[in-house]
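Residue numbers (this note's numbering), protein chains in the order written: chain L, 1 to 496; chain S, 1001 to 1095; chain E, 2001 to 2492.
Because the hints were derived from the structure by calculation, they are not lab data.
Backbone N, C-alpha and C define an ideal beta-carbon position, used for all residues, glycine too.
Please note: incorrect hints may appear among the correct ones.
[Said to hold, decoys possible] Below are the BS3-like pairs computed for lysine-lysine, each with C-alpha atoms no more than 25 Å apart in a straight line:
#	chain 1	residue 1	chain 2	residue 2
1	S	Lys1092	L	Lys88
2	S	Lys1061	L	Lys145
3	L	Lys88	S	Lys1061
4	L	Lys429	L	Lys478
[Unchecked claim] Listed next, the stretches of chain S that the computed footprint assigns to chain L, with coverage defined by at least 3 CB atoms under 8 Å from CB atoms of chain L:
#	segment
5	1057-1065
6	1068-1074
7	1077-1091
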Amino acid sequence: MPHQTNVRAPEWEIVIGLEVHTQLSTNSKIFSGASTTYGAEPNTQADAVSIALPGVLPVLNKGAVERAIKFGLAVGAHIAPRSVFARKNYFYPDLPKGYQISQFDLPVVGQGSLTIQVEPLSGNAKPYEKVVRITRAHLEEDAGKSVHGESQGVTGVDLNRAGTPLLEIVSEPDMSSAAEAVAYAKTLHSLVRWIGICDGNMQEGSFRCDVNVSVRRPGEPLGTRREIKNLNSFKFMQQAIDYEVQWQIDTLENGGKIHQATILFNPDTGETRAMRSKEDAHDYRYFPDPDLLPLDITPAMLEQVRATLPELPQQKQFRYKLEYSESGLTAYDVISLTASREIADYFDACITVVGSSNAKLCANWLIGEVSAQLNRDDLEMTQCPITPQQLGGMLKRITDGTISNSGAKEVFRIMWSEGGNADTIIEAKGLKQVSDSGAIEKIVDEIIAANPAQVAEYRSGKDKVFGFFVGLAMKASKGKANPAQLNEVLKRKLAG
Amino acid sequence: MSIDIDTARKVAKLARIRVEEADLPALAGELSGILTFMEQLNEVDVSGIAPMTSVTPMRLKRRPDVVTDGNIQAQILANAPDAREGFFAVPKVVE
Amino acid sequence: MTNPNELTIAAARDALRAGDLNAVDLTMACLTAMDAGDGLGAFVHKTPDIALRQARAADERLTRSEEAPGLCGIPLGIKDLFCTRGVASQAGSNILKGFKPEYESTVTDKLFGAGAVMLGKLNMDEFAMGSSNETSCYGNAVNPWKVDGRKLTPGGSSGGSAAAVAADLCLAATGTDTGGSIRQPAALCGISGIKPTYGTVSRYGMIAFASSLDQAGPMARSAEDLALLLNVMTGFDERDSTSLQRDKEDYTRDLNKPLAGLRIGLPKEFFAEGLAQDVANRVNEAIAEYKKLGATIVDISLPNSKLAVPVYYVLAPAEASSNLSRFDGVRYGYRAPEYTDLADMYEKSRAQGFGAEVKRRIMIGTYVLSHGYYDAYYLQAQKIRRLIAQDFADAFRQCDVIMGPTSPSTAFNLGEKGDDPVQMYLSDIYTIAVNLAGLPGMSIPCGFGGNGRPVGLQIIGNYFAEVQMLNVAHQYQLATDHHARTPQNIGL
Ligand SMILES: [Mg+2]
Ligand SMILES: [Zn+2]
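Same shape as in the complex, but just chain L:
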């Protein structure tokens, strides 16, 4: 499907806000001691609290609170010194208590913001930066799972997931294209993994996006929004928004009206449709949960958590620009190097070996060869067979002229498949380039003697023949001649 979002842009303004449910990476549930591990046998990770037996009570998990604070600090948000757990009341088989413990008017994390890099989808437009405001983030419990079609006319309820801690992160409607929405989601996804509060596994539902979409003609008040629920891949988010925007525009242009609705995206058809259930009487009857007291967070607690926070993507980006720009590192490099904490950590480790003056060289190999190889072998950064120390060792041999670039590619290939460090590989495979001027002079003398005609041409001013000589010399040295040195000698001798 073409990107109407961009085609239509002048006539229609698109307004998008996201609500993202991140499963916090705690061992136990937010209000009980049952495990949160994914994929267990049905109801083996349910306890008395998970199935809401009469008389059992919630007790808050410290780990969930710490992770919420961590996120708040990471997006520069205000952390509420006192937030309140509320009950959101509705009936659903996967909601054992008949209410979800959530936070309503007093969430733990307040206003913050996230800076995103947008890669526009339409061909020639340039990447740009945008700040998306985060409205709030609140703690709540996940629901269980309804498994359909086990047996005829019956739905099976598995409460293993019920009570898994969630941080629901709500953005302002600051995004105006599918590209921006996806960029925000990706940046958020990398951030929650970066600070270690969520494993980010979208297939397992650890990171679920609800997207609010509305359209309006420029200058008009906000249009009615429809909420696309539970998107668990960036690709689907892209498709769902494109389809939904087109649908809303068509509806309005055909004189129709948009009604607020919760809708689902069907990846197979690429279409969205309104949900039938849970639509009746959206009256959640929120009120403060009397089983839980207000959640107090002291400055001391904040500092404790702050101390556990790693260097954040934006801090790293800032530092890279500051420290490595004279080595030639570009803005694009910086973004790529901080795409994930794993890449950045690899880069930092590598720099400690080769030194900051070679940051650009290091970045080129990391973003180039290394990423390419990882993709080919379908590996994560953490599974990279070459350690930052190994790579750094090889880069040092490039910078000190021991090996040529082509030699380096060979060393890299061997390191990847067989391991070992650069120096031993260079030795074993004899990849050391010839820097012995005597040997080079000898080769050059022989070539000049053997090709008088071309020498004459060169001397008559046809200096493009120079490449011809370089070629021959390299061939003669089996590619090991130090290129800089060879050029120097050739120039000198050809000059006669």
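We have chain L already, so just place chains S and E with the ligands on it with the hints.
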């Protein structure tokens, strides 16, 4: 505050309690009676008074993040009206 | 000697330790009395096997009596609201028909850990919603103070507990008090009962009615017995986030302290019209007795207490409507036999499983929380709740304890107030404010009304003043014998 039949029907629906059409007027009357009795609350001046949500003036306790329970599927399903293949069974849910 | 089942806990404890009595005989005496007292409808699930097993174990421990725990061999009745492992725990409701928990409430766990013997589960208003024990799925419990042909209410919601203790079917019982459910039945049945400060006794395993108001407490024949039970029932519980972390208290500590200098506050609102004359007379006589014991009287006012009932009937149903949503026929409890789809299954199961009063309160609660009414009802009530608590705070600057009637009248006839919910609600007019404030309150017998029905004196203390309240009650019981009176010819 008197409750009409539609409101009574809506409340019963929200509470997931079946009330036959014929019984709605009686229900509406009952609820109205009780709510009328509560009307006196609206005459009280509460300006500047904070709602009293919890009696206990203390900090919410937190438990350490450790797994202490689970792997008791049989007990979990023991009291279920209908359990199959490790699941609680309910009439088909439509989304 | 009197029958063992008529003993106080203190007396039974001494007899058991002295070897004059053994736990099995004591338990048998209670089991026999329970059968004889079936007409009272107090015990709804009898557990003789568990009782005798526990009694034998108790006798074993009593052979080394100095090591035997506080309640070793003491037979108790347990309100049906407490979850007891492997024993039906239904909160007096059909929606929990056949529900046998796999877990034990903290209260019963502590009691059994201290050697207490469980005789069975006691009748109550469904989900503790009632003041007459007429909303129970098991049928009415009956007040053993039978003065003529008519059957009287034992009060509610802990009606079965009060009736059983008054009729000597057990030495003591557990109760719960959300708006007066320990104190009012204790008063109507002529026994002693205390609702401690909110958060003193764990709510874990106690089926919730209104979480911010529910508090468990003991019901027994004397203040001293209440103290012995509180020593076991109280204490911090990490499974209840509203449970208070405080040093272990010995509630018998000051029982024998003289009362000279005690300042008793009498709220004028508790003696206004609506109070039956015979009740007023007994309460005034009790006050006079306290003067003899060296107390001084302070006239106080609780100006907002008249709002307690309407505030309560906004907040309690609101919390209940949510607490009772878990009863949906999915994971446990009653499911309608026939339904067309999920919604139908929910609506029929809840319509058939809950009784009329519970449904009424769920709908009131649903309404006051629903969109557009929250501020007018729930929030307004929460604010007035603070005013009510503030009244008590002011009062306790002038007095040590507050006294008044527990209930505006003596026991009324079963069925008398059936058709008018508001009239029924008003029978808790003196007790509800205490729950809203989270204060401790108790009721002790102070004589009999014109019709020979028991009258209860309510004693309200400041937060954590239980030790002092028990001292105040015990001194009165040393000077009077109202608490020692027992109903005759209970065999109905
Ligand atoms: Mg996960
Ligand atoms: Zn949510």
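We went through each hint and held it up to the structure:
Proposed proximity of S/Lys1092 and L/Lys88 is supported: the alpha carbons are some 24 Å apart, at most 25 Å. For the hint linking S/Lys1061 to L/Lys145, the alpha-carbon distance of about 29 Å lies beyond 25 Å, and the restraint is violated. Distance check on the hinted pair: L/Lys88 and S/Lys1061 sit about 22 Å apart at the alpha-carbon level, within 25 Å; holds. Between L/Lys429 and L/Lys478 the alpha-carbon distance is near 13 Å, which keeps this suggested pair within the 25 Å criterion.
Three residues within the 8 Å Cβ limit are the bar, and the segment 1057-1065 of chain S against chain L gives 8, so the coverage statement holds. As drawn, the segment 1068-1074 of chain S meets chain L at 6 residues by the rule of a beta-carbon pair under 8 Å; at three or more, the given contact holds. With a cut-off of 8 Å between beta carbons, the segment 1077-1091 of chain S has 9 residues touching chain L; three or more are needed, and the interface restraint holds.
This entry does not satisfy hint 2, going by the numbered hints stated previously; all others are met.
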